[in-house]
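> Each chain, written out:
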Amino acid sequence: MSPFEYAPAPESRAIVDIASSYGLFIDGEFTPSSDGSSFKTVNPATEEVLAEVAEATDEDVERAVKAARRAQQKLWGPMPGSERAKYLFRIARLLAERAREFAVLETLDNGKPIRESRDVDVPTAAAHFFYYAGWADKLDHAGFGPSPRPHGVAAQVIPWNFPLLMLAWKIAPALATGNTVVLKPAETTPLTALLFADLLRQAELPPGVVNIVTGARATGAALVGHPDVDKIAFTGSTPVGKRIAREVAGTHKHVTLELGGKAANIVFDDAPIDQAIEGIVNGIFFNQGQVCCAGSRLLVQESVAEELVERLKSRLGTLRVGDPMDKNTDVGAINSAQQLARITELTDAGTAEGATRWSPECELPSSGYWFAPTLFTGVSAAHRIAREEIFGPVLSVLTFRTPQEAVTKANATPYGLSAGIWTEKGSRILWMADRLRAGVVWSNTFNRFDPTSPFGGYKESGYGREGGRHGLAPYLIEGSSF
Amino acid sequence: MAAQSIAAPGARLEVRKTYKLFVGGKFPRSESGRTYEVADAKGRFLANAALGSRKDAREAVVAARAAQAGWAGATAYNRGQVLYRVAELLEGRREQFVAEVAAGEGLSTRKAEAAVSAAVDRWVWYAGWTDKVAQVAGSANPVAGPYFNISAPEPTGVVVVIAPQTSSLLGLVSVIAPPLVTGNTVVVVSSEARPLPAITLSEVLATSDVPGGVVNVLTGRTAELGPPLASHLDVNAIDVGGALGADGLAWGDLEAAAAENVKRVLRPPVGDREPDWTEAPHPRRILAFTETKTVWHPKGV
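Same order as they appear, the protein sequences are chains L and G. Numbering-wise (our numbering), the first sequence opens with residue 1 and increments by one. Numbering-wise (our numbering), the second sequence opens with residue 1 and increments by one.
It is worth saying that the hints were derived from the structure and are not from the lab. Be aware that a few hints might be false.
Think about it this way: if two alpha-carbon atoms lie no more than 30 angstroms apart in a straight line, the pair counts; the simulated BS3-like pairs of lysine-lysine are [to be verified]:
(1) Lys55(G) - Lys26(G)
(2) Lys138(L) - Lys74(L)
(3) Lys425(L) - Lys132(G)
(4) Lys17(G) - Lys313(L)
(5) Lys299(G) - Lys327(L)
(6) Lys409(L) - Lys20(G)
(7) Lys86(L) - Lys74(L)
(8) Lys409(L) - Lys17(G)
(9) Lys111(G) - Lys20(G)
(10) Lys253(L) - Lys138(L)
(11) Lys55(G) - Lys17(G)
(12) Lys111(G) - Lys42(G)
(13) Lys40(L) - Lys327(L)
(14) Lys299(G) - Lys425(L)
(15) Lys55(G) - Lys242(L)
(16) Lys253(L) - Lys86(L)
(17) Lys138(L) - Lys26(G)
(18) Lys409(L) - Lys242(L)
Please put together the full structure from these sequences, using the hints given.
And the structure:
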């Protein structure tokens with residue numbers, strides 16, 4: 001071992017107690033699925049089976065929606081906002097108290113580095129509950145008219161990339177506004193949602209207010225298609241989002257969609273280069289690039305492109321890829337074999353279409369799902385790797401000459417979730433920010449998230465905002481004084 | 001429009017108007033060469049309106065897209081002034097609108113006058129919103145870190161509006177003014193049976209300071225024009241409310257077609273009835289066609 005290598009610094013998994021099997025959390029109780037079916041969830045870093053999880057059938061979804069409806073009408077809806085607030089504050093506190101347990105479980109089930117689940121996912125989830133808790137008794141003053149009303153039952157379907165954080169983004173505003181919830185976690189990452197059900201027991205949240213139905217696509221479809229849900233909140237792929245939008249067409253179900261992205265991260269020749277390098281790395285390798293708002297298209301001003309790519313390569317050489325439970329790990333495991341296959345397919349297309357592929361030397365573990373940080377240069381706007389969402393640690397580098405060209409290239413995508421700008425010139429930042437068709441614009445930073453800051457897309461990246469005052473709107477029917 | 005005129009020695013025969021489409025600031029006939037007969041509420045001939053085609057619809061989207069960046073790029077103050085000017089011109093055409101609304105909707109002159117007055121006032125109300133909506137719907141966000149963070153609404157882009165079938169001027173104004181406020185451009189499919197006020201409004205817009213292409217007016221069969229516009233990939237949003245009461249068209253079908261590129265859809269209100277347009281307006285029609293953009297920047301020395 002060279003003196004500059006890192007010694008292993010594994011986080012202990014002793015803090016978390018994973019059961020061998022989990023039921024569905026309906027009406028305050030864990031119950032098996034109606035037909036006894038289940039699926040396995042694995043640790044993507046090792047392929048070890050972590051637990052057997054019940055797969056909700058149509059009948060189970062029916063039961064969950066009924067429980068949510070009952071709880072909404074009898075209890076949660078009529079409850080004063082100040083009381084709802086206190087439940088949410090409790091949840092925020094309990095999450096903080098059990099933060100390490102959640103972080104370890106998240107990393108085991110998802111494959112993300114413990115450093116990220118510990119420092120980002122779990123604290124941000126707790127902060128989200130804390131933020132929306134405070135809204136619950138102030139809705140009359142939130143700008144949605146006097147006495148705005150909840151829709152009723154919210155069906156929420158979340159992805160596997162930030163399992164607990166997405167749960168918080170969905171559940172916190174729904175409960176604050178007096179809606180009750182049926183949540184479907186992703187098939188490959190159900191465990192922190194099920195641990196969250198245990199936290200709800202400690203919070204003494206009344207039965208039926210939050211119901212968690214685990215399962216795959218069929219469970220999600222049953223939930224979204226259920227005639228008695230009033231509001232659908234979906235985070236996931238654009239194709240599934242479109243399907244949901246078609247399914248609810250002609251009904252009065254309310255929908256918000258947070259879908260895919262292909263963000264441009266734009267670096268000008270006057271950018272603070274060290275900060276920009278860190279921002280680029282954070283933009284695409286955070287969470288293995290499995291982030292809808294990832295800065296997956298690097299647009300570099302031509303005059304500095306060569307230098308920047310060289311420095312980026314040397315920085316990528318220092319990324320530590322491997323055991324997600326190691327506190328020094330920068331890049332963990334890909335979440336599933338299916339996702340790994342998708343990344344592999346698209347990167348193969350990148351090579352086949354003529355782009356130049358580069359990865360740092362790094363040894364990948366022999367079991368589990370792994371993909372080395374990858375950089376493509378010589379990418380044209382027509383290449384699949386420049387157009388399609390890869391959802392992996394893969395960066396496509398393109399160049400531009402003028403600010404107008406940067407805007408045109410950045411906007412030349414059906415997506416519009418996020419964008420990045422790196423330059424020292426303030427007026428240029430604001431000029432660019434006005435023209436970029438993206439819901440979140442990070443200037444001289446990237447991948448920042450905060451409960452108070454609205455997040456969501458333009459164009460095919462979806463509609464509706466999560467976070468901030470704006471994040472209340474999808475869960476409220478505006479009050480009216482006449 | 002046609003008044004009842006009887007040829008008699010010494011009487012003057014009125015000069016009738018040919019009603020055309022309004023696309024890109026010009027008044028073309030339908031490329032299809034088709035027209036359809038527009039009758040008053042009692043079934044008497046009023047005019048032949050252009051029977052717009054799918055191709056006309058596509059041309060209108062092209063014109064709207066071309067005009068969008070310029071309209072959105074104008075200052076909010078400037079957009080407010082331009083829209084207010086439209087109200088001034090509407091007022092100047094009162095008599096013509098009153099006659100068209102009375103004939104088309106079968107209203108008494110008094111009721112038609114009330115509708116026209118309300119339409120002018122509605123336009124003024126929306127014109128005043130241009131430089132206020134960002135303050136009402138935006139926010140400075142107190143994030144937990146050393147960052148400047150601000151959210152503001154922006155126009156979504158090109159908006160298709162299926163105009164109400166019954167209220168041919170007040171309803172029309174109530175649905176096309178709101179998307180214009182923030183800088184969207186509009187392709188509107190007028191009331192199928194009562195298109196004349198929409199065309200007269202086009203003449204107002206053409207002589208106002210509203211740039212060509214910002215509002216494009218199609219007349220014809222709602223069921224023919226709605227679906228290709230709903231599925232058009234260069235349209236960002238659609239107000240499907242006017243599909244209520246249109247022959248051979250359900251608003252849900254338009255919404256389903258709109259999913260293809262994740263368009264923003266403004267549905268009709270619950271109950272599926274055309275709204276009472278005399279009710280007080282609400283900024284939600286403006287906000288339905290906006291996107292919230294959030295910008296971050298670090299703070300430091």
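> Of the hints stated earlier, which fail here?
Violated: hints 4, 6, 8 and 17.
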